[in-house]
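There are 2 protein chains.
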Amino acid sequence: MTDHPPTVELSDEECWAMLHDQELGRLAFHLADEVHLVPVNFAVDHDRRLVIRTAEGSKLLGLTMNADVAFEVDEVVDDVASSVVIRGRAHELHGAEADAVDQLPLRPWVDEVRPVVVAIEVDEMTGRRHHLHRPWLHLRPDPDE
Amino acid sequence: MTDHPPTVELSDEECWAMLHDQELGRLAFHLADEVHLVPVNFAVDHDRRLVIRTAEGSKLLGLTMNADVAFEVDEVVDDVASSVVIRGRAHELHGAEADAVDQLPLRPWVDEVRPVVVAIEVDEMTGRRHHLHRPWLHLRPDPDE
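Sequence lines, in order, name chains A and B.
No gaps in the numbering here: position 31 of the first sequence is 31 in our numbering, and each next residue is one more.
No gaps in the numbering here: position 124 of the second sequence is 124 in our numbering, and each next residue is one more.
Keep in mind the hints are simulated off the structure, nothing from the lab.
Ideal placement from N, C-alpha and C gives every residue a C-beta, glycine not left out.
Any given hint might turn out to be false.
Computed footprint of chain A on chain B, listed as stretches where at least three residues anywhere in the stretch have a Cβ under 8 Å from a Cβ of chain A [to be verified]:
id: 1; region: 40 to 51
id: 2; region: 87 to 101
id: 3; region: 112 to 123
Now the stretches of chain A that chain B is said to cover, found in silico as 3 or more residues with beta-carbon under 8 Å [as the list claims (entries may be wrong)]:
id: 4; region: 11 to 20
id: 5; region: 34 to 42
id: 6; region: 46 to 59
id: 7; region: 100 to 113
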């Protein structure tokens with residue numbers, strides 16, 4: 001048993017703090033009639049929107065046809081799982097706006113050329129923190145017994 | 001520099017092994033004209049499909065209107081990031097098929113009633129392993145100097 005409430009909502013401030021702490025999120029987007037989902041490196045642009053980089057001709061550019069996207073980060077630390085889910089609109093950045101992204105900590109983990117910069121404008125953001133109920137983790141034999 | 005190729009494709013067997021090792025994935029689905037994305041606890045059903053549980057009336061039941069879904073797991077261990085992305089079709093299980101899911105290690109982390117069992121049939125599965133290029137992690141000052 002625990003004294004923690006099982007689930008609490010995060011404030012917008014807590015959501016942005018969690019987004020700042022993460023480098024890997026998952027982006028869901030429309031491609032024709034299908035929903036697609038990819039892990040992406042991202043950065044936060046002025047607590048206002050997210051930015052990602054992608055390659056010319058990538059599947060991900062399907063989002064230029066239908067801007068409606070969803071984005072998620074999550075994290076599990078000990079018995080606490082947190083997640084932030086965003087719904088928003090994606091659009092490609094050009095010129096000075098795209099160049100400005102070089103100043104953000106947007107660091108692709110894979111060394112390939114990704115000249116296209118995409119911003120995700122946030123329409124809705126929901127953060128949740130769960131105090132986990134995982135009794136099976138406590139069923140291990142006590143090594144001192 | 002590294003001797004590893006930066007990205008390798010995982011075999012189906014490696015994808016299923018990774019899915020077995022994970023308890024938390026992310027599910028993207030259509031809800032009317034929008035794409036939605038939620039973290040979900042899941043289990044593998046006989047290396048053939050995934051199963052999840054949800055509550056009556058949950059947003060996630062949008063997938064009963066449009067079965068087209070995408071699902072993702074990922075993991076970062078040291079300098080290696082792996083992910084599996086699935087595209088498939090979701091449908092609710094009933095009766096004996098739903099009861100059989102009680103035998104799988106489908107263990108919701110949050111203690112709430114989730115009587116609805118949903119299977120995700122796998123149409124396409126793509127696994128990737130990236131040997132990460134994160135030079136900034138190696139830019140820390142050497143504590144011995």
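So, going through the hints one by one against the coordinates:
1. 40 to 51: violated (count 0)
2. 87 to 101: Since 1 is below three, the answer is violated.
3. 112 to 123: This one is violated; 1 residues, fewer than the three required, reach chain A with a Cβ under 8 Å.
4. 11 to 20: Per the Cβ count (0), the hint is violated.
5. 34 to 42: holds (count 6)
6. 46 to 59: Contact hint for the region 46 to 59 of chain A vs chain B: violated, 0 residues under 8 Å.
7. 100 to 113: holds (count 6)
The structure fails hints 1, 2, 3, 4 and 6 (numbered hints given earlier, in ascending order).
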